[in-house]
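Visitor: Listed below, chain by chain, are the residues.
There are 2 protein chains.
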Amino acid sequence: MHQDRQRILTVSVKRLLRRGATSRLKKIINKTHGADLSTLFHSLPTKDQRILFDMIDEVEQKGILFSEVDTDIFINLIDGIDPDEVVTILEAMPNDDVADLLKELPDETADGLLKRMEKEGSDEVEDLMRFEDDTAGGIMNPDFIALNQEITAREAIERIQKEFADVEMPFYLYAVDEHNKLVGVCSLRQLVVVQPQTPLKTFMATDVLSVQTHMDQEEVAKLVARYDILAVPVVDESNRLVGIVTVDDVIDIFREEATEDILKMAGVGEEFVETQSIFKSTRIRLPWLFASCLGGVFAFYVINQFEASLSRLTYLAAFIPVIMGMGGNIGTQSSTIVVRGLATGRLDIRDIWSVVGKELAIGLILGIVYGLFIGLVAQFQYNTILLALAVCLAVICSMSVAALVGSCVPMLFARLNIDPAVATGPFVTTAIDIISVYFYFSIATHFIGV
Amino acid sequence: MHQDRQRILTVSVKRLLRRGATSRLKKIINKTHGADLSTLFHSLPTKDQRILFDMIDEVEQKGILFSEVDTDIFINLIDGIDPDEVVTILEAMPNDDVADLLKELPDETADGLLKRMEKEGSDEVEDLMRFEDDTAGGIMNPDFIALNQEITAREAIERIQKEFADVEMPFYLYAVDEHNKLVGVCSLRQLVVVQPQTPLKTFMATDVLSVQTHMDQEEVAKLVARYDILAVPVVDESNRLVGIVTVDDVIDIFREEATEDILKMAGVGEEFVETQSIFKSTRIRLPWLFASCLGGVFAFYVINQFEASLSRLTYLAAFIPVIMGMGGNIGTQSSTIVVRGLATGRLDIRDIWSVVGKELAIGLILGIVYGLFIGLVAQFQYNTILLALAVCLAVICSMSVAALVGSCVPMLFARLNIDPAVATGPFVTTAIDIISVYFYFSIATHFIGV
Numbered sequence: 001m002h003q004d005r006q007r008i009l010t011v012s013v014k015r016l017l018r019r020g021a022t023s024r025l026k027k028i029i030n031k032t033h034g035a036d037l038s039t040l041f042h043s044l045p046t047k048d049q050r051i052l053f054d055m056i057d058e059v060e061q062k063g064i065l066f067s068e069v070d071t072d073i074f075i076n077l078i079d080g081i082d083p084d085e086v087v088t089i090l091e092a093m094p095n096d097d098v099a100d101l102l103k104e105l106p107d108e109t110a111d112g113l114l115k116r117m118e119k120e121g122s123d124e125v126e127d128l129m130r131f132e133d134d135t136a137g138g139i140m141n142p143d144f145i146a147l148n149q150e151i152t153a154r155e156a157i158e159r160i161q162k163e164f165a166d167v168e169m170p171f172y173l174y175a176v177d178e179h180n181k182l183v184g185v186c187s188l189r190q191l192v193v194v195q196p197q198t199p200l201k202t203f204m205a206t207d208v209l210s211v212q213t214h215m216d217q218e219e220v221a222k223l224v225a226r227y228d229i230l231a232v233p234v235v236d237e238s239n240r241l242v243g244i245v246t247v248d249d250v251i252d253i254f255r256e257e258a259t260e261d262i263l264k265m266a267g268v269g270e271e272f273v274e275t276q277s278i279f280k281s282t283r284i285r286l287p288w289l290f291a292s293c294l295g296g297v298f299a300f301y302v303i304n305q306f307e308a309s310l311s312r313l314t315y316l317a318a319f320i321p322v323i324m325g326m327g328g329n330i331g332t333q334s335s336t337i338v339v340r341g342l343a344t345g346r347l348d349i350r351d352i353w354s355v356v357g358k359e360l361a362i363g364l365i366l367g368i369v370y371g372l373f374i375g376l377v378a379q380f381q382y383n384t385i386l387l388a389l390a391v392c393l394a395v396i397c398s399m400s401v402a403a404l405v406g407s408c409v410p411m412l413f414a415r416l417n418i419d420p421a422v423a424t425g426p427f428v429t430t431a432i433d434i435i436s437v438y439f440y441f442s443i444a445t446h447f448i449g450v
Numbered sequence: 451m452h453q454d455r456q457r458i459l460t461v462s463v464k465r466l467l468r469r470g471a472t473s474r475l476k477k478i479i480n481k482t483h484g485a486d487l488s489t490l491f492h493s494l495p496t497k498d499q500r501i502l503f504d505m506i507d508e509v510e511q512k513g514i515l516f517s518e519v520d521t522d523i524f525i526n527l528i529d530g531i532d533p534d535e536v537v538t539i540l541e542a543m544p545n546d547d548v549a550d551l552l553k554e555l556p557d558e559t560a561d562g563l564l565k566r567m568e569k570e571g572s573d574e575v576e577d578l579m580r581f582e583d584d585t586a587g588g589i590m591n592p593d594f595i596a597l598n599q600e601i602t603a604r605e606a607i608e609r610i611q612k613e614f615a616d617v618e619m620p621f622y623l624y625a626v627d628e629h630n631k632l633v634g635v636c637s638l639r640q641l642v643v644v645q646p647q648t649p650l651k652t653f654m655a656t657d658v659l660s661v662q663t664h665m666d667q668e669e670v671a672k673l674v675a676r677y678d679i680l681a682v683p684v685v686d687e688s689n690r691l692v693g694i695v696t697v698d699d700v701i702d703i704f705r706e707e708a709t710e711d712i713l714k715m716a717g718v719g720e721e722f723v724e725t726q727s728i729f730k731s732t733r734i735r736l737p738w739l740f741a742s743c744l745g746g747v748f749a750f751y752v753i754n755q756f757e758a759s760l761s762r763l764t765y766l767a768a769f770i771p772v773i774m775g776m777g778g779n780i781g782t783q784s785s786t787i788v789v790r791g792l793a794t795g796r797l798d799i800r801d802i803w804s805v806v807g808k809e810l811a812i813g814l815i816l817g818i819v820y821g822l823f824i825g826l827v828a829q830f831q832y833n834t835i836l837l838a839l840a841v842c843l844a845v846i847c848s849m850s851v852a853a854l855v856g857s858c859v860p861m862l863f864a865r866l867n868i869d870p871a872v873a874t875g876p877f878v879t880t881a882i883d884i885i886s887v888y889f890y891f892s893i894a895t896h897f898i899g900v
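Here the protein sequences come in this chain order: W and B. According to our numbering, the first sequence is numbered sequentially starting from 1. According to our numbering, the second sequence is numbered sequentially starting from 451.
Bound-form chain W, shown alone:
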């Protein structure tokens, strides 16, 4: 339903652009939501993007578009605009969004724009730009309601109406002491329920959940989700309140992190490549396949070691795919469960031995089930009990080891502070391939005694 609407928008704007129907276009552009406008811009050539951008009446809407489009479109857009207009648009945007945008620009361009901005705004933007992108400081909103804990509920209401009328997400009132340190929190509703002359400090909640500026954004997001709160305050090293992270940002973080995890596990880098050009996409995917290629070449040399067995018992080759496949699949299961468990907080890296032990047990059970099945196929086909036994044992070994490696590696990576998702794609499967093939030929050679 929604995608239909977007498609109709794109098709009609393209038609109107061809016809040069400026007044119709102006009307459509100015009543379309910024998020839809951004999707529209992604399917238009730069020339048309500029034409439409100039048709936008409100400077706020231009700012929303700046935030919503991908970086390369943003850079193309400001390339064709007078720097003074760019500054006017930036000054109408929330400072955290401006900081995010300027971080994407070359240093000189960003500095040039900052110099043209009013001092108060540009100082705050520069402060925000110092934080790493994916930390609480990098995503926080510097607009929030904070008042001294000594003032009364009535004063608080008056000051909120006067000074904080344009705070974007006014969920909570944070109480601070004379050094601006966070000491309490209360909901706006509490303010109207208590007696007007009650000071904040007598009814505020004092065990405030807060995060430090350098905390990883994923950790921040987990806290907000876990305690079902609408915003979490961000403090610096001395517990001074510097910003808040709101629930709408948390949604973006979860989507981004889940996509990143999935892509890394499949070995396609971290960024979403589908919307990029064929050559760019190829370049991103190429190195991830290299691990798999090297592993395959290594497996080739392993098999070569057993050429003597193979040349006498050709049929051994026919079981290579099933043994590799079973090991590979159970290894993927194990590593996925561990990576996702760590990401969602259902598993803790300190549980490493119980998790790995459990995976090993599961690998052993499933290995016996499928080992017997595949052994029966071998027996049925060749009527050689020793071959059947060798195949059965190879499947059991391959699946147990795969479950062990698949669960161990991401756990160890997490302990070493390497993102476990990276470990889980081509690297683990390739390692498992080599181990499986080696076990299989060793066991077969030993059993059948070639």
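Covered stretches of chain B (in silico footprint by chain W; criterion: 3 or more residues with CB under 8 Å from a CB of chain W, positions within the stretch not fixed):
| hint | region |
| --- | --- |
| 1 | 675–682 |
| 2 | 701–713 |
| 3 | 732–745 |
| 4 | 760–766 |
| 5 | 818–825 |
| 6 | 876–882 |
Straight-line C-alpha distance at most 20 Å; calculated EDC-like pairs for lysine to aspartate or glutamate:
| hint | chain 1 | residue 1 | chain 2 | residue 2 |
| --- | --- | --- | --- | --- |
| 7 | B | Lys-464 | W | Asp-351 |
| 8 | W | Lys-31 | B | Asp-678 |
| 9 | W | Lys-14 | B | Asp-801 |
| 10 | B | Lys-481 | W | Asp-228 |
| 11 | B | Lys-477 | W | Asp-207 |
| 12 | B | Lys-651 | B | Asp-627 |
| 13 | W | Lys-27 | B | Asp-657 |
In silico contact screen, one side only, chain W against chain B (beta carbon under 10 Å); selected entries:
| hint | residue |
| --- | --- |
| 14 | Val-193 |
| 15 | Ile-229 |
| 16 | Gly-267 |
| 17 | Trp-288 |
| 18 | Phe-306 |
| 19 | Met-324 |
| 20 | Arg-340 |
Treat the hints as calculated values from the structure; they're not laboratory data. Note that the Cβ used here is the ideal one computed from N, Cα and C, for glycine as well.
Knowing the structure of chain W, use the given hints to seat chain B on it.
Guide: Chain B only, in chain W's frame:
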């Protein structure tokens, strides 16, 4: 940091339970957040869960715990409690949470509890239970602020303070007509800004974004995220307002759907199995491996067809792993990009031909790169130009076909309204394995002319 706190809580509660330090326990339990309490309960035996549960003073806190714990713990808990107390707890909970809980119980138990509840509440709960779990109706909150569009801002403020003081998430005021149909929306802030005697209908926004009760929860979540809103109204077929979906539910949906996708793609079912017992986990994972096992047995028969070639050119076997590995990995890349692109809305099923065409092109380019590399290895090892050519061509074919199959299958599944993530795990990789092996031996047999 957070996990440390949780661990300290668990360790100290276990120690206090052993010592029977009731008053200390009571103090701790009653100041711990419901989410933390739930995690604690998951690591305690049923007996201790009951002891701690009885120590909770506030009926609301008991309700929060009911919502937070897994279903089996909830069932164990209410098993030991007087039904009248269960009803008291349920009546203190939001009705949508009660509906979610009762859906998990056997029909007679749920009916019994509903009969004991007060009529007004139980009617609403029963209404909510009719909706499918993962639709807008199934996740919506029936508590919202709705007023007739004819009343003035002043009246609206008065009525909100009187009638809607306990609405959980009071972000927006929805305006309805005399038939209760949704006609507009305004923010609570607007109410205080306009002249008190202005009727709602003159300043409310009239193009309200709303969803129908049967809309899939993932679609609802995408809308909320796309337009950065805090709540979306849910309407029935006649556009009557029946509930709202709030931003905190959207977070849960995204986390749930991302985890589901990842698990399905890895072939581990839909539910998170790590926290389940070894045997339950084994049972869930067993059938997903069966596809891979059958595929492997099929590949076995394919290779058997080429026994004549194999027995003369044993070394052909040594390339099986690298050819299967390269095909499998690029196929996983393609299917992951498509599945995730569809899930996040960056790809549209109507773009099937351009997406598949692009993947095929990328598969071909990467196939040529790696085909040449692996062909060189073959040439270096055996100094047989025809073998090198055969290996090179087999890699190119295998990788192109894998990219094609990997992108086609999830697209086709999505078109047929089957969840594309299911298609992407063992099924696609197994199909690619068989195709790769077949291509390889056909090409080799043809080239080297055995």
